[in-house]
Amino acid sequence: SQQGEEDPQALSIQEGENATMNCSYKTSINNLQWYRQNSGRGLVHLILIRSNEREKHSGRLRVTLDTSKKSSSLLITASRAADTASYFCATDQRGSGNTGKLIFGQGTTLQVKP
Amino acid sequence: DSGVTQTPKHLITATGQRVTLRCSPRSGDLSVYWYQQSLDQGLQFLIQYYNGEERAKGNILERFSAQQFPDLHSELNLSSLELGDSALYFCASSQSGSPHNEQFFGPGTRLTVL
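Chains as they are written, first to last, in the working numbering: chain A, 1 to 114; chain B, 115 to 228.
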């Protein structure tokens, strides 16, 4: 079963604009990870944020985590056409044997128009 | 390039057949995860191995099995294939398989069952 729900399902913006994607989850987590997937290809790890962290940055990416609301957001600043992809959040649920297995959301499809 | 390799890239077979998908983790990673991505179910965790032993099981059908060998490569065996088994199968690896370890995904094997 899916742990996360992502919002919006699809997003279309112009190059240079910022893109914000949201992820909500249901149970307590150890960490939350964001991945990018270009059309039908492998997943690329973007960023991992631990449950005791509130914000993390990596280049043009900014991730926030609000464990009280069980939600996270991914912000891509100054988007480029090459950012066009599907973005997934994945949670490592606390108490699931702490194996590190990930539960994925349905993803947000981002289109950046040149 | 994540350092995780998967073979074959594409596989086309018929219903009722059996196939084997292979995964080599990143150098030094002890844990291997298998995920299935389909249009209707999204990305689902199937099974995890750590240093040769099964560690966690997800939504894996009884027709499917996996193992991890002493050299840490892993194989996912799918038998009595059905049309609904058509999907992208991903392998991921992490250093220790515990929480807070990033998972790095291979390029996937696209299975088509005709």
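Hints are supplied without guarantee of correctness; some may be wrong.
[Claimed, not checked] Just the calculated beta-carbon pair ranges, DEER-fashion: (1) A:Ser51 - B:Ser179: 32 to 38 Å; (2) A:Lys56 - B:Leu153: 29 to 35 Å; (3) B:His187 - A:Thr64: 26 to 32 Å; (4) B:Asp185 - A:Arg60: 34 to 40 Å; (5) B:His214 - A:Leu61: 33 to 39 Å; (6) A:Leu61 - B:Glu168: 32 to 38 Å; (7) A:Glu53 - B:Ser141: 35 to 41 Å; (8) B:Gly117 - A:Arg60: 42 to 48 Å; (9) A:Glu17 - B:His214: 30 to 36 Å; (10) A:Leu75 - B:His214: 18 to 24 Å; (11) B:His214 - A:Lys26: 18 to 24 Å; (12) B:Glu196 - A:Glu53: 18 to 24 Å; (13) A:Asn18 - B:Asn191: 41 to 47 Å; (14) B:Gln155 - A:Asn18: 30 to 36 Å.
Since the hints were derived computationally from the structure, they do not count as laboratory data.
Predicted model only: the values in this text are computed from it and were never measured.
Heads up, the beta-carbon is just placed ideally off N, CA and C, and yes, glycines get one too.
These are the hints, each one checked on the structure:
| no. | hint | in the structure |
| --- | --- | --- |
| 1 | A:Ser51 - B:Ser179: 32 to 38 Å | holds (33 Å) |
| 2 | A:Lys56 - B:Leu153: 29 to 35 Å | holds (31 Å) |
| 3 | B:His187 - A:Thr64: 26 to 32 Å | violated (38 Å) |
| 4 | B:Asp185 - A:Arg60: 34 to 40 Å | holds (39 Å) |
| 5 | B:His214 - A:Leu61: 33 to 39 Å | violated (18 Å) |
| 6 | A:Leu61 - B:Glu168: 32 to 38 Å | holds (34 Å) |
| 7 | A:Glu53 - B:Ser141: 35 to 41 Å | violated (28 Å) |
| 8 | B:Gly117 - A:Arg60: 42 to 48 Å | violated (24 Å) |
| 9 | A:Glu17 - B:His214: 30 to 36 Å | holds (33 Å) |
| 10 | A:Leu75 - B:His214: 18 to 24 Å | holds (22 Å) |
| 11 | B:His214 - A:Lys26: 18 to 24 Å | holds (20 Å) |
| 12 | B:Glu196 - A:Glu53: 18 to 24 Å | violated (42 Å) |
| 13 | A:Asn18 - B:Asn191: 41 to 47 Å | holds (45 Å) |
| 14 | B:Gln155 - A:Asn18: 30 to 36 Å | holds (31 Å) |
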